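Put chain Y on the given structure of chain B with help from the hints.
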Amino acid sequence: MEKIKDIRDFLNELDKIGELGQVEEEVHWRLEMSGIGEMSNRLDDKIPLFNKIKGYPEGTRATSDPYRGSHGALHRRIALSIGMDPNISYYDYVEEFVDRLNHPIKPILVDKGECQEIVHTGEDANIFKHIPVPYIQDGDGGRYIDICTIIAKDPDSDWNNWCNYRIMVHSRNKMGVLFTSGQQTANLYYFKYEGRNQPMPVAIALGGLPATSHVAGMPIPSGVSEVDYAGAMIQEPVELVKAVTNDLLVPTSAEFVIEGVMLPGERVDEGPFGEFLGYIHGPRRPAPVIRVQAITHRKNPILPFSVSGGGHGEATTYLSSEFNALLTPTVLNSVRKLGFPVKAIVGPETNSYASVIIATKVPYKGYVKELAELIAAVPGPSMYVDLYWVVDEDVDVSNMEDVWEEIMLKAHPVKDWHNFGEREAPRSPLNIYQTAEEKGTLRLGATVAKTCKCYIDATTKEWDEKTKGPRRMEFETLYPAYKDWVEKNRKDYGLPTYKDFRHEGIPWWK
Amino acid sequence: MSDYGVTIQDIKRITPMIGSGQTVQMEVRNENWEWSPVEALVSFEPIEDGAEAEVVSEGGPVSSFEKPVYIKILKQLDSESVVKKYDIVSYDIS
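Which chain is which? The protein sequence lines are B and Y, in order. This note's numbering puts the first residue of the first sequence at 1, with every later residue one more than the last. This note's numbering puts the first residue of the second sequence at 1001, with every later residue one more than the last.
Here chain B stands alone, though its shape is the one from the complex (with noise of 0.2 angstroms):
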């Protein structure tokens, strides 16, 4: 495999194995990509990249949901943008990530970028005339981006922060941004630039190195700049450049760079849009304003973006695959530094970003309510998540069935559902259960959501060494001596193989 680069270099890998669908005919941004990418996502057909963009320069391009995985393989793309095999199983992924993790990679600074071969400034800095944002799902507010690295600096010291929110094109030079307080910029903007008065230079940076898009998204701790992960992630420093019209650093790699300032005290209508839960949210509401002073991109730029309201189940997407490829692999990491014996932790597919699974251990009474609350309190994951569920280490986490029968088996129904209580702290205000008092305000970023953990302690209780018991009763279990003879007489008796009835094509509920 070639070393991947750019997102280029990844989509080249994904059409030498037959996964990229190259879009010849002129396609709408308003409805017409998302639809096509929203179909490929349900299908989990070839990725599609869109090569004529009505309204848009020749060589303009996007493609959508490039890294999203498939089921019961959510990992397989990213994996294979990072340089992986995209055929490794789940558990070997994570171990490679881990330990890629735990070696940080500073960035280099380097005079010149690709991500500048042309600049626009001024009144030329004029979003809709150069990046081909797309109208995403009907009924959403405007035109979004919604897979993008946004960049800011910490004015008290040398952290940068890398981090990817939904933003709204409001007009041609102005886009509104879901800033919740409680994430790491959105912190920066309103609790130190807004609260002294200061603009917060910004860039947004699109496409690119596919590692600077993953790490965006990741739960690294305040005070440590993501592009060092990055880094860690491809093995090799990723390359920065300064920007053009503020002392940011971007990566040279990006397919279009949005610089831009956000001044304090301004907002402008923001939503609704259709989010990664599978719901249009709203309301519309003030965000953030980024007042956009530059754009700058690559020639034949490509734009990734995401079908995030495909929602969970009926497809994946790039969100729901990073939750699991990229997220809880991290929260994984940092669980185990400190000791606890934590074999995985994943969301299901079905509703990953809304509850996490952790299988593990248990070594002593106690154990579980430790770390079910360390993890519900992880920020981050925290403004997202709010079920945990925690079963055995043996558990397969990657078969709802089974996870549900652990639930139902070991969970008491009245000691082990465990409610934290609600309270007032940094929460996304994106859940379908939350009434509009939940959901807070953003119009000064101060207000805080309520939010409301809870864990279930679906592990074994009463455990006995000696017996190894209680066991688990399987075809196996029950006839160890047995089954070899069964196996090999089952069919002389007439005996008929395995079926499932929904695979038939009768319902099992309609």
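These are calculated hints, taken from the structure and not from any lab test. Bear in mind that the values here come from a model prediction, so they are computed numbers and not experimental data. Ideal placement from N, C-alpha and C gives every residue a C-beta, glycine not left out. Hints may contain errors.
[Said to hold, decoys possible] Derived list of chain B stretches under chain Y, where covered just means 3 residues or more per stretch with a C-beta under 8 angstroms from a C-beta of chain Y:
{"#": "1", "segment": "171–178"}
{"#": "2", "segment": "283–293"}
[Said to hold, decoys possible] Distance condition first, Cα-Cα at most 30 angstroms in a straight line; then the derived DSS-like pairs of lysine-lysine:
{"#": "3", "chain 1": "B", "residue 1": "Lys361", "chain 2": "B", "residue 2": "Lys461"}
{"#": "4", "chain 1": "B", "residue 1": "Lys299", "chain 2": "B", "residue 2": "Lys16"}
{"#": "5", "chain 1": "B", "residue 1": "Lys129", "chain 2": "Y", "residue 2": "Lys1075"}
{"#": "6", "chain 1": "B", "residue 1": "Lys468", "chain 2": "B", "residue 2": "Lys343"}
{"#": "7", "chain 1": "B", "residue 1": "Lys369", "chain 2": "B", "residue 2": "Lys337"}
{"#": "8", "chain 1": "B", "residue 1": "Lys299", "chain 2": "B", "residue 2": "Lys5"}
{"#": "9", "chain 1": "B", "residue 1": "Lys361", "chain 2": "B", "residue 2": "Lys415"}
{"#": "10", "chain 1": "Y", "residue 1": "Lys1085", "chain 2": "B", "residue 2": "Lys129"}
{"#": "11", "chain 1": "B", "residue 1": "Lys129", "chain 2": "Y", "residue 2": "Lys1084"}
{"#": "12", "chain 1": "Y", "residue 1": "Lys1072", "chain 2": "B", "residue 2": "Lys54"}
{"#": "13", "chain 1": "Y", "residue 1": "Lys1084", "chain 2": "B", "residue 2": "Lys192"}
{"#": "14", "chain 1": "Y", "residue 1": "Lys1084", "chain 2": "Y", "residue 2": "Lys1067"}
{"#": "15", "chain 1": "B", "residue 1": "Lys468", "chain 2": "B", "residue 2": "Lys369"}
{"#": "16", "chain 1": "B", "residue 1": "Lys461", "chain 2": "B", "residue 2": "Lys343"}
{"#": "17", "chain 1": "B", "residue 1": "Lys466", "chain 2": "B", "residue 2": "Lys483"}
{"#": "18", "chain 1": "B", "residue 1": "Lys461", "chain 2": "B", "residue 2": "Lys415"}
{"#": "19", "chain 1": "B", "residue 1": "Lys54", "chain 2": "Y", "residue 2": "Lys1075"}
{"#": "20", "chain 1": "Y", "residue 1": "Lys1072", "chain 2": "Y", "residue 2": "Lys1012"}
{"#": "21", "chain 1": "Y", "residue 1": "Lys1072", "chain 2": "B", "residue 2": "Lys129"}
{"#": "22", "chain 1": "Y", "residue 1": "Lys1085", "chain 2": "B", "residue 2": "Lys192"}
{"#": "23", "chain 1": "B", "residue 1": "Lys483", "chain 2": "B", "residue 2": "Lys410"}
{"#": "24", "chain 1": "B", "residue 1": "Lys365", "chain 2": "B", "residue 2": "Lys415"}
{"#": "25", "chain 1": "Y", "residue 1": "Lys1085", "chain 2": "Y", "residue 2": "Lys1072"}
{"#": "26", "chain 1": "B", "residue 1": "Lys52", "chain 2": "B", "residue 2": "Lys129"}
Only chain Y this time, still in chain B's reference frame:
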């Protein structure tokens, strides 16, 4: 899809003026999905030389707006007026 759009929030705000012949100031999106401030007439009945506008509602499972809304744009306003200004609050984060 209509060439123009308005928000449910603006419709609620100007409800008493809708169909009254009074002009209102509001944000309208064009066919490029760019939002801009305008002075306009708004009605639930067709307006001569006007256009039907799509209503961008709150999103989520709770709301939708079924009535047709017609607008006639009379004047573009200063694009800066879409920016809302708030007092700066110094937060106590100690």
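Hint check:
1. 171–178: holds (count 3)
2. 283–293: It holds, with 4 qualifying residues against the three required.
3. Lys361/B / Lys461/B: 12 angstroms, holds
4. Lys299/B / Lys16/B: 23 angstroms, holds
5. Lys129/B / Lys1075/Y: The given pair, whose Cα atoms are some 23 angstroms apart, holds under the 30 angstroms limit.
6. Lys468/B / Lys343/B: Judged against 30 angstroms, a Cα distance of about 20 angstroms means the pair holds.
7. Lys369/B / Lys337/B: Between Lys369/B and Lys337/B the Cα gap is close to 18 angstroms, so the pair holds against 30 angstroms.
8. Lys299/B / Lys5/B: Judged against 30 angstroms, a Cα distance of about 16 angstroms means the pair holds.
9. Lys361/B / Lys415/B: At roughly 19 angstroms apart (the allowed maximum being 30 angstroms), Lys415/B and Lys361/B satisfy the hint.
10. Lys1085/Y / Lys129/B: 27 angstroms, holds
11. Lys129/B / Lys1084/Y: 25 angstroms, holds
12. Lys1072/Y / Lys54/B: 27 angstroms, holds
13. Lys1084/Y / Lys192/B: Since the Cα atoms of Lys1084/Y and Lys192/B sit roughly 20 angstroms apart, the hinted pair holds (cutoff 30 angstroms).
14. Lys1084/Y / Lys1067/Y: Measuring from Cα to Cα gives roughly 28 angstroms; hence the hint holds.
15. Lys468/B / Lys369/B: Measuring from Cα to Cα gives roughly 24 angstroms; hence the hint holds.
16. Lys461/B / Lys343/B: 18 angstroms, holds
17. Lys466/B / Lys483/B: This hinted pair holds, its Cα atoms lying about 24 angstroms apart.
18. Lys461/B / Lys415/B: Roughly 11 angstroms between the alpha carbons, so the hint for Lys461/B and Lys415/B holds.
19. Lys54/B / Lys1075/Y: Judged against 30 angstroms, a Cα distance of about 29 angstroms means the pair holds.
20. Lys1072/Y / Lys1012/Y: Holds - the C-alpha atoms of Lys1012/Y and Lys1072/Y are around 18 angstroms apart, at most 30 angstroms.
21. Lys1072/Y / Lys129/B: 26 angstroms, holds
22. Lys1085/Y / Lys192/B: Measuring from Cα to Cα gives roughly 18 angstroms; hence the hint holds.
23. Lys483/B / Lys410/B: 27 angstroms, holds
24. Lys365/B / Lys415/B: 14 angstroms, holds
25. Lys1085/Y / Lys1072/Y: Judged against 30 angstroms, a Cα distance of about 28 angstroms means the pair holds.
26. Lys52/B / Lys129/B: Holds, at about 15 angstroms.
The earlier numbered hints are all upheld by this structure, with none contradicted.
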